[in-house]
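Asks: If you read the sequences in order, they're chains A and B. Quick note on numbering: the working numbering labels position 114 of the first sequence as 114, and the sequence is numbered without any gaps. So the mapping is simple: the working numbering equals the position in the second sequence, first residue as 1, plus 285.
These are computed hints drawn from the structure, not numbers from a lab. Possibly wrong hints are sitting among the right ones.
Under 10 Å between C-beta atoms, here's a sample of chain B residues computed to sit facing chain A [said to hold, decoys possible]:
1) I293
2) Y295
3) L296
4) A297
5) L299
6) V307
7) G311
8) M317
9) G330
This one's a predicted model, so the numbers in the text were calculated from it and none came from an experiment. All residues carry an ideal CB built from backbone N, CA and C; glycine is no exception.
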Amino acid sequence: MSATTAQIVGFIGTSHVPAIGKAIAQNLQQDAYWKPFFDGYPPVRSWLDKVAPDTIVMFYNDHGLKFFLDKMLTFAVGAAPQYLNTDEGWGIPSLGAFQGHPELSWHIIEQLVADEFDPVTCQEMNVDHAFSIPLALLYPGRMVYPIRVVPICINTVQHPLPTMKRCLALGRSVGRALAAWPEKSRVVVMGTGGLSHQLDGARAGFINREFDQQCLNTLIADPEALQHYSVHDLVSLARTQGVEILNWMAARGAMAGTARQVYRNYHIPISNTASAVQVLEPLRQ
Amino acid sequence: MIVAGGNIYYLAKLAGIFGLNVQDVGAQQTGMSLDAFKAKLLRAGK
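Using the sequences and the hints given, assemble the complete structure.
Replies: So, in structure tokens, the structure goes:
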């Protein structure tokens, strides 16, 4: 990898439950309920200090802030100079504004379309908790963030959803775009959401630790091995909202080759969710 | 509304208006008290 092109310095997967935003607003990081969750992030921040990214490409899902049922995309890429986090209806204070990277966004869009993906392109885009909370966990106490961002939104919300295989391929295409970006840049790819949880129906509150651990273990070196899970398999194993693992799959796809795990934290429960954060570094072949 | 096929993420916008959170919804959906529902989640972490 030449030092004159974009280099993916790592992958971060993390949960993004709205209640985390409320806990941040209320300074509950040391509260007994929240501490095991928030304690998962200082090691991630130490690693970030070390790898010093200038850009984050974030795969996430929108829960009805930017995209509502009247227009539901499968894949959308932000190409705006700035992305605002605004209230989704929970009354949680905004986590600020995020500086975009329109040139890199369009470069990624060009690659995706050339690879026969057909994303929606957004030159204006509000971002919800699935985008803002992960960045607030990585860079706490700020309203201005020291990185530029490219948001890539995946429909994990309203069926029909894209498959694990398709999301991995989407990530692979983004990875090719980054490898061909002709400017020096240090990029972290992120996938947010999950892990197992269900909000509605008779199975509300069910969590599947074993499946979550299997996914985290497999993502490290062999994400292809998770491709065979259908969306219905995921609903069965990770529950209705656990399908957000699709975002992790896409982000992991963006980082080619095998990897080593730098850090992992897994904690049950945050709200109705099994929470996780995982940091991976690429292993050069 | 959930039984009628409503999507929880969009119905949750109404929950927010009524001052409820997703744990209130989960308790209601499973026919449990809020405390029992929260206790079930804590047990899942043991």
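Asks: Would you mind marking each hint as holding or not holding in the structure?
Replies: Against the structure, the hints:
1. I293: Interface hint status for I293/B: holds (4 Å vs cutoff 10 Å).
2. Y295: It holds, given that the least Cβ distance between Y295/B and chain A is near 5 Å, below 10 Å.
3. L296: Check passed: Cβ of L296/B comes within 8 Å of chain A, closer than 10 Å.
4. A297: holds (7 Å)
5. L299: This interface hint holds because 9 Å falls under the 10 Å limit.
6. V307: holds (5 Å)
7. G311: holds (4 Å)
8. M317: holds (8 Å)
9. G330: With Cβ-Cβ at 3 Å, under 10 Å, it holds.
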